[in-house]
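Engineer: Take a look at the letters that make up each chain.
There are 4 protein chains.
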Amino acid sequence: MIAVLEKGCPLKQKADIVRFVEGAGFRVQVSEHSDQSLVGVIGPGAERLADELAAMPGVREIRPMAPPYPLVSREQHPESSRVKIDDITVGGNDLIVIAGPCAVESREQIFEVADAVAAAGASMLRGGAFKPRSSPYSFQGLGQEGLELLAEARERTGLRVVTEVVALEDIALVARFADVLQIGARNMQNFRLLSAIGEQQTPVLLKRGMMATVEELLLAAEYVMAAGNPRIILCERGIRTFEKATRNTLDICAVPVLKERTHLPVIIDPSHAAGRREIVPPLAKAGVAVGADGLIVEVHPDPDTAVSDGRQSMTLPAFAEMMDEIRTLAQAVGRGTPVTV
Amino acid sequence: MIAVLEKGCPLKQKADIVRFVEGAGFRVQVSEHSDQSLVGVIGPGAERLADELAAMPGVREIRPMAPPYPLVSREQHPESSRVKIDDITVGGNDLIVIAGPCAVESREQIFEVADAVAAAGASMLRGGAFKPRSSPYSFQGLGQEGLELLAEARERTGLRVVTEVVALEDIALVARFADVLQIGARNMQNFRLLSAIGEQQTPVLLKRGMMATVEELLLAAEYVMAAGNPRIILCERGIRTFEKATRNTLDICAVPVLKERTHLPVIIDPSHAAGRREIVPPLAKAGVAVGADGLIVEVHPDPDTAVSDGRQSMTLPAFAEMMDEIRTLAQAVGRGTPVTV
Amino acid sequence: MIAVLEKGCPLKQKADIVRFVEGAGFRVQVSEHSDQSLVGVIGPGAERLADELAAMPGVREIRPMAPPYPLVSREQHPESSRVKIDDITVGGNDLIVIAGPCAVESREQIFEVADAVAAAGASMLRGGAFKPRSSPYSFQGLGQEGLELLAEARERTGLRVVTEVVALEDIALVARFADVLQIGARNMQNFRLLSAIGEQQTPVLLKRGMMATVEELLLAAEYVMAAGNPRIILCERGIRTFEKATRNTLDICAVPVLKERTHLPVIIDPSHAAGRREIVPPLAKAGVAVGADGLIVEVHPDPDTAVSDGRQSMTLPAFAEMMDEIRTLAQAVGRGTPVTV
Amino acid sequence: MIAVLEKGCPLKQKADIVRFVEGAGFRVQVSEHSDQSLVGVIGPGAERLADELAAMPGVREIRPMAPPYPLVSREQHPESSRVKIDDITVGGNDLIVIAGPCAVESREQIFEVADAVAAAGASMLRGGAFKPRSSPYSFQGLGQEGLELLAEARERTGLRVVTEVVALEDIALVARFADVLQIGARNMQNFRLLSAIGEQQTPVLLKRGMMATVEELLLAAEYVMAAGNPRIILCERGIRTFEKATRNTLDICAVPVLKERTHLPVIIDPSHAAGRREIVPPLAKAGVAVGADGLIVEVHPDPDTAVSDGRQSMTLPAFAEMMDEIRTLAQAVGRGTPVTV
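Chains as they are written, first to last, in my numbering: chain A, 1 to 341; chain B, 342 to 682; chain C, 683 to 1023; chain D, 1024 to 1364.
No lab work stands behind these hints, which were simulated from the structure alone. Keep in mind that the hints are not guaranteed to be accurate.
Here are the simulated SDA-like cross-link-like pairs (lysine to any residue), alpha carbons at most 20 angstroms apart as the crow flies [to be verified]:
1. A:Lys-244 to C:Arg-929
2. D:Lys-1107 to D:Pro-1361
3. D:Lys-1037 to A:Gly-143
4. D:Lys-1267 to C:Glu-942
5. B:Lys-585 to A:Thr-213
6. B:Lys-353 to B:Leu-394
Computed spacing ranges between beta-carbons, pair by pair [claimed, not checked]:
7. D:Pro-1080 to A:Ser-106: 26 to 34 angstroms
8. C:Gly-992 to D:Lys-1107: 37 to 45 angstroms
9. D:Lys-1107 to A:Gln-13: 44 to 52 angstroms
10. B:Gly-384 to C:Lys-766: 42 to 50 angstroms
None of the values given here were measured: they were computed from a predicted structure. For each residue, glycine too, the CB sits at the ideal point set by N, CA and C.
Build the full structure now, drawing on both the sequences and the hints.
Structural biologist: Pasting the structure below:
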């Protein structure tokens, strides 16, 4: 059972609440966020304290604890939630496509991609300005310059911008330029970052860790929502398995499983799963058919010279061709596709 | 390099061939099948023996060795191959659906399923008569009685019959009743069984082991084809990973990867991947969209009383409903569906 | 609950038993072996039939069903069992080392290895005569000739012989020459082979499948024991994971877990786990320290020319050196090592 | 090839270097740390610039690029490095044992554990003050209060203190109290945290991510060392696999593999691998035998009431008993154990 406290609940009231719970023989776990405190009441039979607790000063509401991710669980919120980014809705009837390069490399590059993917029917532009790289000697992204280029590309094309935040101290900076903040697979259990992202209101694209369970992904989303930000899009991007014929194994099963368990929208990243551009289109189509709310795809004007992930980036013409197939397929499964810009 | 010998090549000629190759400093590996011998010539520079070898008595043809599965590889046979089972073609434009219970349990059960799946548009009936079970105390199948019931159901509905062979000594018996012999995931590397199946001509449905790489699946198919039977259908049925939210992880990526590497048809088994009937339809649809040539699905008139795999078996009405969606989707990706019986 | 029937129980009695159980509302699963039948009584509350069943003609004893592997479980047989092979005891205080080449290649090779490993302190000789190979074009073993060479090496050195059986139809042949029949990782769930091995009395070395759970390994052993052969040695040989720095990942945790759950002896195969001879000695030592009852190690007089698994085969001097370290370590953990031949 | 620049190299010189490299047709990747810049020169044939680059103002030295982790690789630093923490040396002949509770819970608890593990022969005390937890509602640690209690326990017992840092902004605080900063498995690819830890001089215990390859672990260590801190201890703590009989699968193979590839010390965490205290001792012994430089073990005065990881925490008497076995074993493999405090 969780007691959600009033915003700005004074310390004295908190202490009384904790004392009351412990006095009744239960354990307490306090989760503090910038303007909200959650008090977990742990132990069998905790529910019998519900009425008394609800009546105490400083308590706003009482929530049951199971499943372990109450805020994101569909059980407690049967209706699917929609994440609105201006006029774009993720999680509604329309299938949303996000496309762009792995990393922003130059004005020419990002403009060329943005123009092409907008023309092909994408709704949002992706592109890394801060890149988490396995090696300290790999290109780490253009930083703020990259963010500025993304914002210019948005001006130019109307595409909304999705870009990754790799550290807490960059959130404010990135949020000044981006429409959606991406948390990458390697940071899915960087809990401080999750909480901090939850304490601001820019929507979040949360990628599943390459060896995280579905349950852990939902708990990670719970961190964000518990901290105050309900605008979360989940992304399946392939898990690590024994099979090395592809970079990762796209866990297509995760989409219907997530749809059962959570009300949040779910998209698919076929590029990181595949690791090779040739098999991105069939995986993207599988994603549409399985019921994903959207796709995020890597595209580059000249993949062979890309500073990162070139092997898995589609060319601009191949992307346009794939979008035609995607549209037909989306229709067949009863989904709309946004009108091309 | 592989020297394929003439059928019935006398031992004296074989010995000459082996002596010639070894005399030239290469290693020899002989693979014997009922009516055909393959002589692998191992070592760098083997190709320079090609002309001389080709001219020797008893040698029918010379094939290069790479990739390690020359007979099933698309590289050497660019055109997709089709497996014909009477009037049904697997690997052509039509999407083929195989459906039925995990195990044949009784005449009533198999007739009820057969009638329903035929009406819904399936082309073939599946059902186990010999079941490989993890525990020696689990139901091991009805054996010959099960085979006879499957044959009766074929008479009744026109559906072709697919059923599993678990041991070499059963092949002749099963082939008397079945149209397609299934090799299950646990037997994918039972090489004697593969060779024996290859020495007869009933088509084979070869399921990927839950622990097998795509490469190993292709090598297993090579065993069958090297022994003389080219009528092989591959089946992706989920691999074992750390994720336990589903019974297995459907390796949807394997479909396009297999399509690149082999000319053989590839189908998907969403039931064993899912482990729960609720998520079979989205996975089946993903299979169609990704480019599989067919589906094999578990269906039971009363899943909760099934002797095995009940949790993942669809009810008859749910199957019929899914088939409607499948037909729409197949059309959207340019595939036909066979006319309902 | 399982009813074990008398040997040669007449069909009429069996039918009565089955009818009685079904009449009481339970499901029946019959597991037939050459001279023994097991009747599983399935359903909640089955225990209440125990007394009546025990009293029926043809029933020898009643066993509870849980855990799913009653015969091999330690719960029901707390004392560790010992597998005696002439004067060698596996599962007692002595640490047993089995060593030899992946495959028997020639008389010279197997004699040279046998002499060396005997001198270094091994108790048994391993060597494949029938090899399960991923590719149909790889060396498949010398067959009966290999078996004869192994038997000659036994004559010469006194080492007992362990060799693999890959198919049911070879069991009698292999058992004529070998002291222990190995079931390889790829056949761990070849249930017919398991049952057939269980119907004869030569001891069995059962290797864990590379993607089999501990539970499945125990169920595989249960197949052998349920069919009548209790002389089983289990072997952990590495599982398949995402990590490719070694051929497999040695699941060292499996040893204490198996020791908790079963009374059977457990040995370690560091060679197949490592895939490279350099790291075999540290893994072998880890196996001794963790409590394994023995080791099985690949050794070759000239690993670089071995027809298979050369990369992971130790040289003769390296093996001798490792044995010195093993002896010291065995002493430190309170285990004896058999006197060198 | 990497050009290491002089500390405080002026921007003008950097720009000249970059311009020179790009002018010669290569790509540049700059990795900036507080007082040092690394310039990666990317592209085939980069080595031919070595002499000219080495002569440019601002360049301190030139290093070859392969392996991708030049600073931590053994290839370039054949001698094993030792991490000294006052009078304790990790990576020398002595086997070092770190023990303590998962989380610091109270003064009584941490004092009781510290007294007992010191008496049993541990050299360092572990205990979490900041805990990364999968759920936002789980106990997140006592924070600074926990750190203060750890420092008091050090005063009392002489044990050095190891504790986790979960975020960049806590480094300075934690380093005030701790002797070794732990980076947990979930943060192994939190590259900003790695770089920041590298910019200070307190030694680092870097745990392998449960999903990380050996290569990725070494690259993570390279981040720390490239930023300036060479005092790194690596820790294998189990990887995530399909096997669920234990919490994780201890990758015992990783120890010899790491010892080949890096000069850094390597320790084993048997507690997180096992997930159950019963099998911690055999795993710990395997760790000693395989050649690890130390162990980190969870111990709690009353595991059943522990706020976290109680199931895998040893009791105090069990730990003392295990230490006796460890000492005997260490001797057998030629390692010393520090004199008990």
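Engineer: None of the hints should be skipped; say for each whether it holds.
Structural biologist: Going down the list of hints, with the structure as the test:
For the suggested pair Lys-244 (chain A) and Arg-929 (chain C), the alpha carbons sit about 13 angstroms apart, so the restraint of at most 20 angstroms is met. For the hint pairing Lys-1107 (chain D) with Pro-1361 (chain D), the CA-to-CA distance comes to about 14 angstroms; that is within 20 angstroms, so the pair holds. For the hint linking Lys-1037 (chain D) to Gly-143 (chain A), the alpha-carbon distance of about 18 angstroms falls within 20 angstroms, and the restraint holds. At most 20 angstroms may separate the alpha-carbon atoms for a hinted pair to count; Lys-1267 (chain D) and Glu-942 (chain C) meet this at roughly 15 angstroms.
Among the hinted pairs, Lys-585 (chain B) with Thr-213 (chain A) is consistent with the structure: their alpha-carbon atoms are about 8 angstroms apart, no more than 20 angstroms. Between the alpha carbons of Lys-353 (chain B) and Leu-394 (chain B) the distance comes to roughly 15 angstroms, so the proposed pair stays at or under 20 angstroms and holds. Checking the proposed 26 to 34 angstroms range against Pro-1080 (chain D) and Ser-106 (chain A) shows it holds: the Cβ atoms sit about 29 angstroms from each other. For Gly-992 (chain C) and Lys-1107 (chain D), the hinted distance range of 37 to 45 angstroms is satisfied, since their beta carbons lie about 42 angstroms from each other.
One distance hint, 44 to 52 angstroms for the beta-carbon pair Lys-1107 (chain D) and Gln-13 (chain A), holds here, with the actual separation near 50 angstroms. For Gly-384 (chain B) and Lys-766 (chain C), the Cβ-Cβ distance of about 45 angstroms falls inside the hinted range of 42 to 50 angstroms, so the restraint holds.
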